[in-house]
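S.K.: Residue numbers (my numbering), protein chains in the order written: chain A, 1 to 328; chain B, 1 to 183.
Any given hint might turn out to be false.
[To be verified] Using 25 Å as the maximum straight-line C-alpha spacing, the simulated DSS-like pairs for lysine-lysine come out as follows: (1) B:LYS119 - A:LYS24; (2) A:LYS248 - A:LYS293; (3) B:LYS116 - A:LYS32; (4) B:LYS96 - A:LYS126; (5) A:LYS320 - B:LYS177; (6) B:LYS177 - A:LYS126; (7) A:LYS305 - A:LYS242; (8) B:LYS124 - A:LYS307; (9) B:LYS87 - A:LYS320; (10) B:LYS116 - A:LYS242; (11) A:LYS242 - A:LYS320; (12) B:LYS96 - B:LYS124; (13) B:LYS96 - A:LYS320; (14) B:LYS124 - A:LYS32; (15) A:LYS32 - B:LYS119; (16) B:LYS124 - A:LYS126; (17) A:LYS54 - B:LYS124; (18) A:LYS32 - B:LYS87; (19) A:LYS24 - B:LYS87; (20) B:LYS119 - A:LYS126; (21) B:LYS87 - B:LYS116; (22) A:LYS24 - B:LYS116; (23) A:LYS242 - B:LYS177; (24) A:LYS103 - A:LYS24; (25) A:LYS103 - A:LYS126; (26) A:LYS54 - B:LYS87; (27) A:LYS305 - B:LYS31; (28) B:LYS177 - A:LYS32.
Derived from the structure by calculation, the hints contain no laboratory data.
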Amino acid sequence: MAVITISRQFGSGGEAVARLVAEKMGYLLVNKAMIVENLRSYGVEDDFDQFDEKNFSLIEQAGYREIEEKRRHYLETLHNFIYDLAIRENLVILGRGGQVLFKDFPPALHVKIIAPLKGRLELVCKSYELDEAVAARLIEEQDQDRREYLRQIFGYNWLDLDLYHLVLNTELFGLEEAVALVVNAARVKEEMGDFPLSLPEDSRQEQGLLISQVHDATGNAPSFAHPSEEEFARMLDFYQIKWLYEPKTFPLEWDSEGNITVAFSPDFYLPEQDIYVELTTQKQKLVWRKNKKIRRLREIYPHVKIKIIYGRDYRGLLQKYGIEEKGE
Amino acid sequence: MPDEEANQLEILLTREQIYQRVAELGEKISKDYSGIEELIVVAVLRGSVYFAVDLSRRLSIPFSLDFIGISSYGATSYPLGIVRITKDLDINIVQKHVLLVEDIVDTGLTLNYLIKNLKTRNPKSLRVCSFLDLPGRRIVEVPVDYRGFEIPDLFVVGYGLDFQERYRNLEVVAALKKNRSGT
Numbered sequence: 001m002a003v004i005t006i007s008r009q010f011g012s013g014g015e016a017v018a019r020l021v022a023e024k025m026g027y028l029l030v031n032k033a034m035i036v037e038n039l040r041s042y043g044v045e046d047d048f049d050q051f052d053e054k055n056f057s058l059i060e061q062a063g064y065r066e067i068e069e070k071r072r073h074y075l076e077t078l079h080n081f082i083y084d085l086a087i088r089e090n091l092v093i094l095g096r097g098g099q100v101l102f103k104d105f106p107p108a109l110h111v112k113i114i115a116p117l118k119g120r121l122e123l124v125c126k127s128y129e130l131d132e133a134v135a136a137r138l139i140e141e142q143d144q145d146r147r148e149y150l151r152q153i154f155g156y157n158w159l160d161l162d163l164y165h166l167v168l169n170t171e172l173f174g175l176e177e178a179v180a181l182v183v184n185a186a187r188v189k190e191e192m193g194d195f196p197l198s199l200p201e202d203s204r205q206e207q208g209l210l211i212s213q214v215h216d217a218t219g220n221a222p223s224f225a226h227p228s229e230e231e232f233a234r235m236l237d238f239y240q241i242k243w244l245y246e247p248k249t250f251p252l253e254w255d256s257e258g259n260i261t262v263a264f265s266p267d268f269y270l271p272e273q274d275i276y277v278e279l280t281t282q283k284q285k286l287v288w289r290k291n292k293k294i295r296r297l298r299e300i301y302p303h304v305k306i307k308i309i310y311g312r313d314y315r316g317l318l319q320k321y322g323i324e325e326k327g328e
Numbered sequence: 001m002p003d004e005e006a007n008q009l010e011i012l013l014t015r016e017q018i019y020q021r022v023a024e025l026g027e028k029i030s031k032d033y034s035g036i037e038e039l040i041v042v043a044v045l046r047g048s049v050y051f052a053v054d055l056s057r058r059l060s061i062p063f064s065l066d067f068i069g070i071s072s073y074g075a076t077s078y079p080l081g082i083v084r085i086t087k088d089l090d091i092n093i094v095q096k097h098v099l100l101v102e103d104i105v106d107t108g109l110t111l112n113y114l115i116k117n118l119k120t121r122n123p124k125s126l127r128v129c130s131f132l133d134l135p136g137r138r139i140v141e142v143p144v145d146y147r148g149f150e151i152p153d154l155f156v157v158g159y160g161l162d163f164q165e166r167y168r169n170l171e172v173v174a175a176l177k178k179n180r181s182g183t
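Chain A extracted, bound-state conformation (with noise of 0.2 Å):
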C-alpha cells in the first residue's frame, strides 16, 4: 500500500503537518502514540520509551549489555510491526526512520518538514509553555536524539536531501498550505501510478474506480454467509476497528467416541477488543437454537467474550446509520 514519511524537526510543526495528511487521505497514522498501543501486544516491554527516536549512548554503563539487547527486540519488533502493516494499510509515518525503512519503496513519499529556529521557538514556547531558554534547550536535544538515531540505527545523516521528495519549510509556506503539498503530492504520485487511488471518494465513486470491497486485520475479502455481516463489516470498517471473519470454531459438543457432534463459529472476532460477535438477524423462532449454542459456548468457555447482536438490535444500528436493510 501507499507509504508517506514525514521526517521534521522539532517545533517545525511536523506532528500536525503528519496528522492532518492522513486525515485527509483517509490514511492511518503511525506515530508514537499509535506505537506504543500496539507494540505492547507484541511482547515488548513499555519501557521503550528510552529507544524511541533516542540518542543512545549508554556504552560503559553499567547493564549496557541488557539494555542494548531490549534496544535491539525493540527495534527489530517496531520495524516489522511497520512493514506488516504496510501490507494491508496506507500509512503516514512519523519519523521513526521511515524515510530509509520505505527507501526505493515506489508507493512511498518522503517529506522532510523544517522551520528556522526562531519560528520553531515560538512554536515550542507556546504549545509547551515553556520560556526560551527551556524551549531552546528542549529543541536543541530533541534534534540531537532524531539525528542520532537515524546515524546510529541506519547510517544515514537526515539533513542528506536525497532522502526527500520534498522539503518544506512551514514558515515559508505554512501548516495549511505544507499539508495541501504533501495532498497534491500524493495525487501526482497516484497520476503515476505509483500511488494506488485515495481521494476524493465521492469523485472515485462517480468514475465506478472503487471496488467496493471489505478486508478483515490480515488483508483477506472474506465470502459472508449472509449480507448483513458485509455490511457490519464495512461499519467496522468505517470505524476503524479490526476484525476478523469467522476466525475459530468452538467445539460444543462429543460423541463417546470424542468427536466433535456440535460446534460453534461466531461470526466476528474484533482482535483489540479480545471479543467475538456473533449477528442473529435470522427470524425470532430460530433464534432459540442459536442462542443454545451460545449458552453451551459460555459454559465451556467461561474466558471468551461474545456479544450477540440481534436482529432488534442490528436494525436499530441501520436505523440510526439511516441504511436499509439488504437481503433479509
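With the hints as your guide, set chain B onto chain A.
M.R.: The following block gives chain B in isolation, referenced to the frame of chain A:
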C-alpha cells in the same frame, strides 16, 4: 408537542430531571478538576451541543469550549471508506486536560475512534462525559467517566438527539415510536 407526522413520543426524562442531573454532573466535574489551570471541554457535533452548553454553565472551574465533528457511517450516498474529521479542534490540546462531551454512547464505535484520535495529540488527561448511556447496544468497550442517565435500548430523541434532524430542540428526552403509515 409539535408532531405533525403523528410519530409517537413517550417522555423518558423530564426537563426537571435533566436540569437537576446536569447540575450534579457540573458540580462533580468541577470538584474532580478543582485546582487545574484549564479544562478543555470538547463537544462532539452536533448532538451534544445542547448538553455541552447546559453543562458548561454549571462548571465552576476555568475552561475553554471547543467542538469536533466526524463523518457518520451511512451519511454518504453509499457507505464507503473510513471515518473522517469534518470539523477539527481549533485549540491545541497537547498537555491539556480534556473532557470529551457526548450526547449518547451506544455502540461505542464513534467514541472509540474519537478517543484514539484525541490520544494521538498527547493530552495531559482525557475523560468522557456522556449525557446518555445505552450499554445494551455496546459493540466495543469504551470508558465513560461521567454519565447523565443510563437508559434502556430505545430510539430516543430530544435534548440534542434527532431523528432526521427533527426533535433536537425538545427540552425532554423521549422514546420515538414511529408510526409506519405516517413515515
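S.K.: Hints broken by the structure, by number, lowest first?
M.R.: Hints 6, 8, 13, 23, 25, 26, 27 and 28 contradicted; others consistent.
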